[in-house]
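Chemist: Take the given structure of chain A and dock chains B, C, D, E and F to it, following the hints.
Number of protein chains: 6
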Amino acid sequence: MLKVPFLPRNWTNSTENFDEADCVMVGLPYDGTCSYRPGARFGPELIRIASYGLESYSPIQERDLDDVKFYDAGEIEFQLGNREDSLQKIETAAEETLLHNKKWLGVGGEHLVTFPAIKAYSKKYPELYVIHFDAHADVREDYIEEKLSHACVMRRISEIITPDNLIQIGIRSGTQEEFEWMKENNTIAKTQEEFKERLKFPENKPVFLSVDLDVLDPSLMSGTGTPEPGGMTYNELMSWLMLLKNLNIVGADVVELSPHYDQSGVSTVTAAKVIREVLLLMN
Amino acid sequence: MLKVPFLPRNWTNSTENFDEADCVMVGLPYDGTCSYRPGARFGPELIRIASYGLESYSPIQERDLDDVKFYDAGEIEFQLGNREDSLQKIETAAEETLLHNKKWLGVGGEHLVTFPAIKAYSKKYPELYVIHFDAHADVREDYIEEKLSHACVMRRISEIITPDNLIQIGIRSGTQEEFEWMKENNTIAKTQEEFKERLKFPENKPVFLSVDLDVLDPSLMSGTGTPEPGGMTYNELMSWLMLLKNLNIVGADVVELSPHYDQSGVSTVTAAKVIREVLLLMN
Amino acid sequence: MLKVPFLPRNWTNSTENFDEADCVMVGLPYDGTCSYRPGARFGPELIRIASYGLESYSPIQERDLDDVKFYDAGEIEFQLGNREDSLQKIETAAEETLLHNKKWLGVGGEHLVTFPAIKAYSKKYPELYVIHFDAHADVREDYIEEKLSHACVMRRISEIITPDNLIQIGIRSGTQEEFEWMKENNTIAKTQEEFKERLKFPENKPVFLSVDLDVLDPSLMSGTGTPEPGGMTYNELMSWLMLLKNLNIVGADVVELSPHYDQSGVSTVTAAKVIREVLLLMN
Amino acid sequence: MLKVPFLPRNWTNSTENFDEADCVMVGLPYDGTCSYRPGARFGPELIRIASYGLESYSPIQERDLDDVKFYDAGEIEFQLGNREDSLQKIETAAEETLLHNKKWLGVGGEHLVTFPAIKAYSKKYPELYVIHFDAHADVREDYIEEKLSHACVMRRISEIITPDNLIQIGIRSGTQEEFEWMKENNTIAKTQEEFKERLKFPENKPVFLSVDLDVLDPSLMSGTGTPEPGGMTYNELMSWLMLLKNLNIVGADVVELSPHYDQSGVSTVTAAKVIREVLLLMN
Amino acid sequence: MLKVPFLPRNWTNSTENFDEADCVMVGLPYDGTCSYRPGARFGPELIRIASYGLESYSPIQERDLDDVKFYDAGEIEFQLGNREDSLQKIETAAEETLLHNKKWLGVGGEHLVTFPAIKAYSKKYPELYVIHFDAHADVREDYIEEKLSHACVMRRISEIITPDNLIQIGIRSGTQEEFEWMKENNTIAKTQEEFKERLKFPENKPVFLSVDLDVLDPSLMSGTGTPEPGGMTYNELMSWLMLLKNLNIVGADVVELSPHYDQSGVSTVTAAKVIREVLLLMN
Amino acid sequence: MLKVPFLPRNWTNSTENFDEADCVMVGLPYDGTCSYRPGARFGPELIRIASYGLESYSPIQERDLDDVKFYDAGEIEFQLGNREDSLQKIETAAEETLLHNKKWLGVGGEHLVTFPAIKAYSKKYPELYVIHFDAHADVREDYIEEKLSHACVMRRISEIITPDNLIQIGIRSGTQEEFEWMKENNTIAKTQEEFKERLKFPENKPVFLSVDLDVLDPSLMSGTGTPEPGGMTYNELMSWLMLLKNLNIVGADVVELSPHYDQSGVSTVTAAKVIREVLLLMN
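Residue numbers (our numbering), protein chains in the order written: chain A, 38 to 320; chain B, 38 to 320; chain C, 38 to 320; chain D, 38 to 320; chain E, 38 to 320; chain F, 38 to 320.
Simulated from the structure, these hints should not be mistaken for laboratory data. Quick caveat, the model's predicted, so the values are computed rather than measured. Be aware that a few hints might be false.
Which copy is meant is left open, so a pair is good if it fits within one copy or across any two.
[Said to hold, decoys possible] Using 25 Å as the maximum straight-line C-alpha spacing, the simulated PhoX-like pairs for lysine-lysine come out as follows:
1) K220 to K40
2) K106 to K233
3) K233 to K139
4) K156 to K40
5) K40 to K160
6) K161 to K106
7) K227 to K282
8) K139 to K40
9) K161 to K40
10) K237 to K282
11) K220 to K242
12) K242 to K160
13) K184 to K237
14) K242 to K282
15) K106 to K282
16) K227 to K237
17) K40 to K242
Isolated chain A, as found in the complex (with noise of 0.2 Å):
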């Protein structure tokens, strides 16, 4: 090999050593069932590149991500017309790493590509908690007759997990039937307050974080496929996370950049940052 310095290749302050990781970093290029501006397929390779624009650092934790152990493993390699061998694929890669007794953190990708993930972590934490950032609701029972579709994926979740264990923030948009549901199964929390209510729950429960990038507003975060304006600014985004310092997060994923909407590259640059303070959060 050649001997001057080359920049590193994997994410930004990642480890190369899998074995002493406590987290795996795994990029999900799918896309294969969003509804209106498709490209979240382009998020994982994107981010990472934006990731080395970053500070380590993180004043609002007060901590480095040289602090924290990841393995930056890649993006899976699916075949994007095959919706259910993808989600096979996540799950094996899911189950995987829990095997290994690491934490999974996904990067999208559309939403759909959570549910694998909780199909695999339900398997070992039967108790899991989800907590749901998003603009959306995702609980329709169907999408175009379809059931397995990001519009969806929180209703799947919930007939996994219980209504009662899925925890929904920022949601803004949905239809008349969705926001029933979540009235119903009263999975909203709307202000800080309910959500401090909400998280009463037994101490160390394990709790797997869903962020979808478009619960931020699209004044920032263009680069996504359903921009839906009145969203959280990054500080509110922060605010709510930083509400989760002492919980058990055991696995987390990040979804739904679509790069190409993102002439400026903020998008991009939010959604490292946004990764960056979740790895924080979770290790």
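Modeler: Same frame as chain A, but now just chains B, C, D, E and F:
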């Protein structure tokens, strides 16, 4: 005709039946007096396309577009360089709409299109109030020696309805003279308290609501001719609009989307969502 | 209805009268098997808007769109994730079109949409010829284990019409196997001389013309999913198309505009102009 | 003033001394009759900025801008909505330029700006020839009932100079009537052979050169109001312009750059380079 | 010269008379040490163009640019690759400005341009305070072994004015060492209360105001080299700036607009508007 | 590690085995002397991503990347502001590559990166020929008093290899002095005939091929720092490159992609495809 299902071509959730409609949406692709960045002429058709990415349900108003009967008439055909003819066509169309006992919802196009609508409305409703959301005062006596410009539109309208019946929200740009005029005539409501005070006019007075989309901050609404930082967030606009809930809104327009400055598509989606809320508010 | 003139909503110069039309333009907003940059689903509606920037007169053919009777049926409504259902709808619509003794003009959408049209056509025209303009061979046996992908569409079609009836123009990208297949089956015409030779089939044989817009160089046609430098100029494409003047073109499609990669709007205008020329050529 | 070196603010290599100049460059930021995509008003100032990225030396003409004395007068201040006043200002400025025995080089702005320049020129040069490079015929009798539009400008000019003195190059779009008019009046030169034939007018006749940048293919010149595929490459335009080398060019303009449709900046650079060549050609 | 009115070429509402000016605006198109996305060199000229879209009146300060006498000197000519020479030119120009008893308003370019200005200022004002708005701490001891980088500029400045005289606002990104340094040296003011406390220095002390535009959130200010989500809104920045109203501001700069990342033009307009407010604040 | 298939992270079809490689691809993200629009530093990583959209088979050369053994070493880590150190690292890496008896394929970055590679090569190959494709002469004696700039790189190289061993193709921009120098030294080959003549040097002489992507017309290659209209089409570049088929190409580089000016992604795809052809040509 062919029997496979085809996508609708009119605004999402609009009715195909003119007679049953309570409200007529009319596209006004006119931008002939635009002083800075033109292109509002392309607004109506691109907002219509974006309307198909919207949910029909508004969680803020807890109502669905399906509860409203509105007809999408399409875009009026203008001779772009001929201002007088263009304004006359708008006035005629608004008069006809009123004759059918339906409400007018104009989709701009530049702000000057509000003037002929108000001319038509003031004949039927001599005591009309106009509530005006905008970044710009638009109350110049004239603009570069011209009295019929989008920079003068609210001054012209005040001459019809009297300044007493004009309420202006969100204004953050204008000449010294304009700010003095607004102060003297007490047209601006700076806070929601002031606004509620101004809204204490006799019950059931007819109100025309005119929303220049640049009242929103250009971080969200880059797609406009004269972007002006310091504007409202989407949620702030909604909280102002919700104060109009019990008013007798007899007509409205939403203007100044210039979609070629909206590279990410976010402004156009936002315009469509504002229109959804206005439709629900006025019907 | 209102009496002021409104802009037409269908393709420029199309007829509103289905019965009098000789040709039916059908939008096919499907891009479910797109392997690289998706978004062709947005093609048909944006091409329609761009059609209003066109002159109706073609100086190359010295004919005017007003001389042609075509009906714009709008866009078929697909369940995006459901390929089989989508293909079935296209086949049904094409069959119906033929039953009405009208010609089909599909506007894609991705190239896979040609397959169901050819299935319909081959029943009525067992000796159908297909003339295929494209950058890509699209004759893979399968693509990532999938036989019904836009990368395989011409191979599937060749199985219906036989390779003898397939003529491919402009191909500059493919696997070694694809180039070998095309050579063995003599489907490529590299020069206009070769093309004229291939066109010497019995007079009046029915021809289906399928134009993948990426046959044009991406300097002009950036708005496509898989840009491939080294393509034709617009004038070169025209000179090839003019060789078809005396053929019996019974159907056609123009596919693979992906307008979100067309920041300047030039590709979309070009797509509309190609369609104008195809309309004049086939009617 | 400050003594450190400051960057020049006028066109690269222009002279600061009006009196010593042989040629006056005048920016004409007018686009009031633009029928499709407006914004040519921003052309002159952005071309000036791009001029600093140019080499001053032309390898085609083997001459340097330093060999030419031209003065950059800046942009005329128009009232955008006031067409008559705008045209009058251009005519006055062109007359003054001629009174100073200098040559006019207009930088558009839309093509209508050529008309008042020709009015001024025709008084001094009753036998003026106009050589017109354009994608569009611009010889409509009127456009949407309007006789003074950029779509009619060459028809109006032909009424001043007679069609015999008009030579049109590159035309590839127009109505049937326009193509018939051009044929009848023999204004088009389709090939360089035809062009050379048309140039055989009596020696030293005064020539005004008007270049609409959309004569170039929109692959290069996306930044224009009405892009028309099928145009010239830059080198083709140069080879036509070089045929004018021995003519007595007494004035010129370069028009219709609409820089907001030039996301990459390439069209604006090209406009500046065309102007460099025109400057060298006419001086 | 020609007599028709020409548009001004200097900053809107600037004076052409150097002698009568109280303030000199100097463009500093330098970005040689930019570590991530370069292009700030194009800032000054594009901000100048955008200044013509501004109103001259500030409703926040209730003053008009016409009340201020400032001279637009243009852009200094740098040898981009030669940092020492570039910094020397800025220092010389700032010294000259001070010799003329005028105030310096630098328009960047990258943030390193503040350093030579402070060198010049500190000679005349040994007790200079620097108020620094920025997303980034810029107080690294060195950056990739380099001490004169935009990432170190405030550290170098603190060595001139002492950390006691440095007040930093809006900082949300840096290394752990930088945050520790700022804490130790008490340079950060996190809240307006802290800021007011820090501003209680002896009356009339000279203040230099340095605004890195990335202190604004990248939703508005995408056009910058190192976008950092979590920043101020425009109105928040204004409310901080208004706290400086009674200070003795003797110089200022506004830096780091990188206009090629500002596809919609909104960041550039915002930069111009910030400069309008700074001009009114310091004069 | 995880067992599901992951996407490769190195250039498409590259080998993971350094030892078996005949050629080493080295990313050179340096753009420190760029005089106009910077950003070439982002070229190598974005070209790598685009390589996955390529077919591995070249129909022009009738060979497949699988037939070539090349190793993707990644990007050298530079201190951007430190030109000397950056150039030294490149020279060292090139020397090492040669020591391993492998061929160097540099991926720029700006054109100055060719200089240190040639320094390394000239030691091993004292009779090295350099074939240089470019829009710009790059043979200035110095550029703004600087001798080591991308505008001088070929002059510096000619001082190492002698002008006799330099062949320049596609040059269409430069100063008068540069064109005179090239003429005197007979370095330009304007036609393929001239080129073939120049290639008649003794057989098997070692050749270094340096392709500045701006040799292509900016209609295709907008993503470059100094776009220059009048360039080659992709197919023209290929026809020139194919003339090198039987030469002994011992090293190469492909430089000056500036991807932030490539909004549509087409230039980046083209860069990847040019590299595919160069890889096949030299191995």
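Chemist: Decide, hint by hint, whether the structure agrees.
Modeler: Hints, verified against the model:
Taking identical chains as interchangeable, the C-alpha atoms of K220 and K40 are never at most 25 Å apart, the minima being 61 Å within one chain and 39 Å between chains. When the C-alpha separation of K106 and K233 is checked against a cutoff of 25 Å, the pair qualifies neither within a copy, at 29 Å, nor between copies, at 42 Å. In this homomeric assembly, K233 and K139 never come within 25 Å of each other (Cα to Cα): the closest approach is 27 Å inside a single copy and 48 Å across copies. With identical chains, the CA atoms of K156 and K40 are at most 25 Å apart between copies only, with a shortest distance of 18 Å across copies and 45 Å within one.
In this assembly of identical chains, K40 and K160 lie within 25 Å of each other by CA distance solely across copies; the values are 19 Å between and 46 Å within a copy. In the homo-oligomer, the alpha carbons of K161 and K106 lie at most 25 Å apart inside one protomer (22 Å), although the nearest pairing across protomers, at 44 Å, exceeds that limit. In this assembly of identical chains, K227 and K282 lie within 25 Å of each other by CA distance both inside one copy and across copies; the values are 19 Å within and 22 Å between. With identical chains, the CA atoms of K139 and K40 are at most 25 Å apart between copies only, with a shortest distance of 15 Å across copies and 33 Å within one.
In this homomeric assembly, K161 and K40 come within 25 Å of each other (Cα to Cα) only across copies, at 19 Å, whereas the closest approach inside a single copy is 44 Å. For a Cα distance limit of 25 Å, the shortest separation of K237 from K282 inside one copy, 13 Å, qualifies, whereas the shortest one across copies, 37 Å, does not. In this assembly of identical chains, K220 and K242 lie within 25 Å of each other by CA distance solely inside one copy; the values are 24 Å within and 37 Å between copies. In the homo-oligomer, the alpha carbons of K242 and K160 lie at most 25 Å apart inside one protomer (14 Å), although the nearest pairing across protomers, at 63 Å, exceeds that limit.
Taking the closest pair of Cα atoms, K184 and K237 never come within 25 Å of each other, the shortest separation being 32 Å inside a single copy and 50 Å across copies. When the C-alpha separation of K242 and K282 is checked against a cutoff of 25 Å, the pair qualifies only within one copy, where the shortest distance is 13 Å, while the shortest distance between copies is 44 Å. For the identical chains of this complex, K106 and K282 are intra-copy neighbours only, at 18 Å inside a copy versus 48 Å across copies, given an alpha-carbon limit of 25 Å. In this homomeric assembly, K227 and K237 come within 25 Å of each other (Cα to Cα) only inside a single copy, at 16 Å, whereas the closest approach across copies is 32 Å.
In this assembly of identical chains, the alpha carbons of K40 and K242 never lie at most 25 Å apart, being 48 Å within a copy and 29 Å across copies at closest.
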